[in-house]
Amino acid sequence: MKSPEDSRGSQQRLKLRKLFRRIPKGAASIILILLLCAVFSPWLAPHNPIEQNLGAALKPPFWQGGGTMDHLLGTDNLGRDILSRIIYGARISVIVGFVGVILAGAVGTLLGVIAGYFGGKIDAVIMRLTDIMLSLPFILVGIAIIGAIGPSLTNVVIVLGITQWVGYTRIIRFEAMSLSRSEFIEMAVISGCRWWRILLVHILPNVLNSAVVLATLDVGKMIIIEAAFSFLGLGVKPPTATWGAMLADGRLYMTVAWWIVTFPGLAIFATVLAGNLIGDWLRDELDPRHQLKA
Amino acid sequence: MVEYPGAVQNKELQMKAPNSELRTLNSEETILEVKDLQIHFFTDRGVIRAVEGVDFSVRKQEVWGLVGESASGKSVIGQALVGMVSKPAGRIVSGEILFKGEDLLKKDSRELRKIRGNQIAFIPQDPTIALNPLLSIGFQIGEAFKYHRSLNMNKVHEQVIDVMKVVNIPSPEIRVKDYPHQLSGGLKQRVIIATALSCRPDLLIADEPTSALDVTIQTQIIKLIREIQDRFQMTMILITHNLGLVAKMCHRVAVLYCGRVVEEAPVRELFKDPKHPYTRGLLASLPKGEKGNVDLYTIPGQLPNPLYHPPGCHFSPRCPHVLKKCQEIPPIDRASEDHGIRCWRWREI
Amino acid sequence: MGAYIVRRLLQSLIVILGVIVITFIISRVIGDPVALLLPPEASPEQRAYLTKDLGLDRPLYIQLVVYVAKVMKGDFGHSFRHQESAMKLVFERLPASLYLSFVAVLLAIGVAIPLGIISAIKRGTIIDRIGMTIALFGQSIPAFWAGIMLIFIFAVQLHWLPPSGYGGFKYVILPATTLAFFVSAATARLTRSNVLDALDMDYVRYARLKGVPEFVVITRHVIRNTFVTIFNIVALQLGLVIGGAVITEFIFSWPGIGRLSLESIYSRDYPVIQATVVVAALIFVVINLLVDIVYIATDPRVKRN
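Residue numbers (our numbering), protein chains in the order written: chain A, 1 to 294; chain B, 1 to 349; chain C, 1 to 305.
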């Protein structure tokens, strides 16, 4: 005889399976490829990304005259293989995208929940802080900070966390506010629940939905910002391969070697597009109005 | 014969018949005829047959009532009459709606638009959300008029003030510039009524005109609508779940259950001698007032799931007189020329 | 309404103050100005003298107060690189940024708003899908890559337009388009969702019930009611773009405040850094304030005395 727990578990598994069936396939595969590249770069990349080979510099991709199968997407001005650099660059993008989003998301969600639950002066202070951060042109601030503390992957992620949390706070705060007014929170308060427990156990899990959607949509933004920093020379230090730095390098040689600029840019574009598609899909899935569909 | 607990006794029910019942209806002329109307909603979960073969006709200068519970399909019929069934899920699958002899369902959107607001006017349920908060009420009243008559602004303004006076809006010259949020619920409904009247429509359809209002205001509005109907001899279709309203306003009434008309009769007859089990249940469940017992009768059972109507008579699962025969759809039988019942057993019960 | 405006003004003031304080913090983090100004072989006495002269020997909180007071008057000190007042430099470059931003936003809304409206009206149809796909693409393209590719196509390959520099239509069209990508995408999507919400409103239905022609229903009832929200969105984007066009200005060598700030960061010219950040933030805050005022001035539901 099935116990209630059993049937609930199998119901949840059924829901998850249905969920996965509906993921936009194209976007998901791109993200999968990205993750594979990031994790397995040493095995996937045909060449060492930082190894210079001036004799093979500025070779075009294999389908153009002068290209070889050895360097499928060509080489840059220092003879480094473009394809390998892109594969290794995925590492940076993945780290920045995910860690940055988790950092910013955590800070933003926490502040939003606190602001929404406590209201009053605390809310006002957090809101002013949000306004201030929003008014600051974050690129400038980010660049300034990195200019100060030096370019490195860690620093970029820190800067992202510091500047990007604002996007979460407003929305999470709104949800937390309406949640705090709801009856089951009242019940929790009446039954003597301490505030930190209420926040952690009751409110946080319920705003997690929105937070995750926002986070997924943000991954693309993070990757673009990291690329921007690298482009300006303020990201990860060379000669590490990152897509943004490749764009910066390639810019100077654009007239003679269009591939140095095009392929990393396409990589960024594809990744961000996939991230946005999945984020949109996730948001539509989690929208309570979608419960109407069978 | 099954007695419903607290069944209606003629003496206890002090229903005032509408004034116009005393006048005989001069015109036997039909202004609206609906034949075998079928409206279905196609959703992800299945097909909802909201209206399943409804026939009725409305005579000129008559107040015709359509009574039903929430999921009966009455609002959908109202929407269909003005060509505003929610697309894309809702579709009029078959049937005819003959207005002044012409089938509305065969008209294209442009022709329908000319009729809407002009010859057929609609009073929606909730006046608060029907008015655009950013436009003055004078403008919104005159809007229908402007597009159906193409007059210049001064003329429109005059007409707007006139019609505001008809619905008893105080100081219309001043209030014309007001915005919806400045008005009370009752006044907003008067604005809606004024808008409906502005083009002197031949047919006025009111969908629950009082449900969104406070009880005290309801009486005022009902009085107003009755006055207007008396004065302009307007043909009206009243869609409601409120039997009391029907008693006060209508000449004839049709009772709708789950997409089908189950009984149709002149009001007095329906209240005096209801023949369909559902109608009887409805009337029995009316509160009696301070005298009589306070226990309310409710019809046992629940409305069926709109996706899965029972075969045959829709009321059969809840009917105390159900027989095997009720698995077949009963046709409309006539007790008299004006009184139709959709039941196999109405003679026996 | 008056009370609300006062409250918003106060809020804005607090925000500006906060921004100023943050620029102070940043500049102190960036590095020791004395070391930047003097050559490495300078003597300790010279260092001490300059430190005193710049007021850097006083306790931090006093420095902060002095700084804030000066900034309120518009005094950011002198640029380390250019021997001019920092504020003056910023104001010299500001018009270029404003010009670029306005053109970019105009381009963006010219495309995005009609796209959003049409997509919403024709929701679910192929037109909607195409429109939103374009918007999605626009949001996913990194602006600086788009800029580079545009330069490549139009300047290098086709030789139709100059690759960089400041001037009239020829010069501004590429950078403005680059900036416009993201702005239009975001605007199109937001417009669409706002119009969709408006279309669902009962008063739209009721206007149709009255027999009002569809075109009028759309323009008068739908668009007018979404106008303020869309205006809000656009203004916001404008504010963002003015301060944030750093990379675009860099790529196209556009002499605006974005490029100025970049140069100053590279050269540790912190008075100029502070000046640009504060001015950019100020513009953003002022635009927001104006938008709020417009909002309550046009909504008849707000009580007036």
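The set of hints was computed from the structure by calculation and includes no laboratory data. Computed from a prediction, not measured in an experiment: that's the story for all the values here. Please note: incorrect hints may appear among the correct ones.
Said to hold, decoys possible - Below are the DSS-like pairs computed for lysine-lysine, each with C-alpha atoms no more than 30 Å apart in a straight line:
#1 B:K155 with B:K165
#2 B:K87 with C:K73
#3 B:K223 with B:K155
#4 C:K73 with C:K88
#5 C:K88 with B:K114
#6 B:K155 with B:K87
#7 C:K122 with C:K88
#8 C:K52 with B:K106
#9 B:K325 with B:K60
#10 C:K52 with B:K107
#11 C:K122 with A:K25
#12 B:K177 with B:K100
#13 C:K52 with C:K70
#14 B:K87 with B:K165
#15 B:K177 with B:K107
We went through each hint and held it up to the structure:
1. B:K155 with B:K165: Satisfied, since the Cα-Cα distance of roughly 16 Å is no more than 30 Å.
2. B:K87 with C:K73: Given pair K87 of chain B, K73 of chain C is violated - Cα atoms ~62 Å apart, limit 30 Å.
3. B:K223 with B:K155: holds, 29 Å
4. C:K73 with C:K88: holds, 13 Å
5. C:K88 with B:K114: Not OK: K88 of chain C and K114 of chain B at ~65 Å, beyond 30 Å, violated.
6. B:K155 with B:K87: violated, 36 Å
7. C:K122 with C:K88: Answer violated: K122 of chain C to K88 of chain C is near 51 Å, above 30 Å.
8. C:K52 with B:K106: Measuring from Cα to Cα gives roughly 91 Å; hence the hint is violated.
9. B:K325 with B:K60: violated, 38 Å
10. C:K52 with B:K107: violated, 89 Å
11. C:K122 with A:K25: Holds, at about 26 Å.
12. B:K177 with B:K100: violated, 37 Å
13. C:K52 with C:K70: Status holds; Cα separation ~17 Å.
14. B:K87 with B:K165: violated, 37 Å
15. B:K177 with B:K107: violated, 37 Å
Hint check: violations occur at hints 2, 5, 6, 7, 8, 9, 10, 12, 14 and 15; the rest are consistent with the structure.
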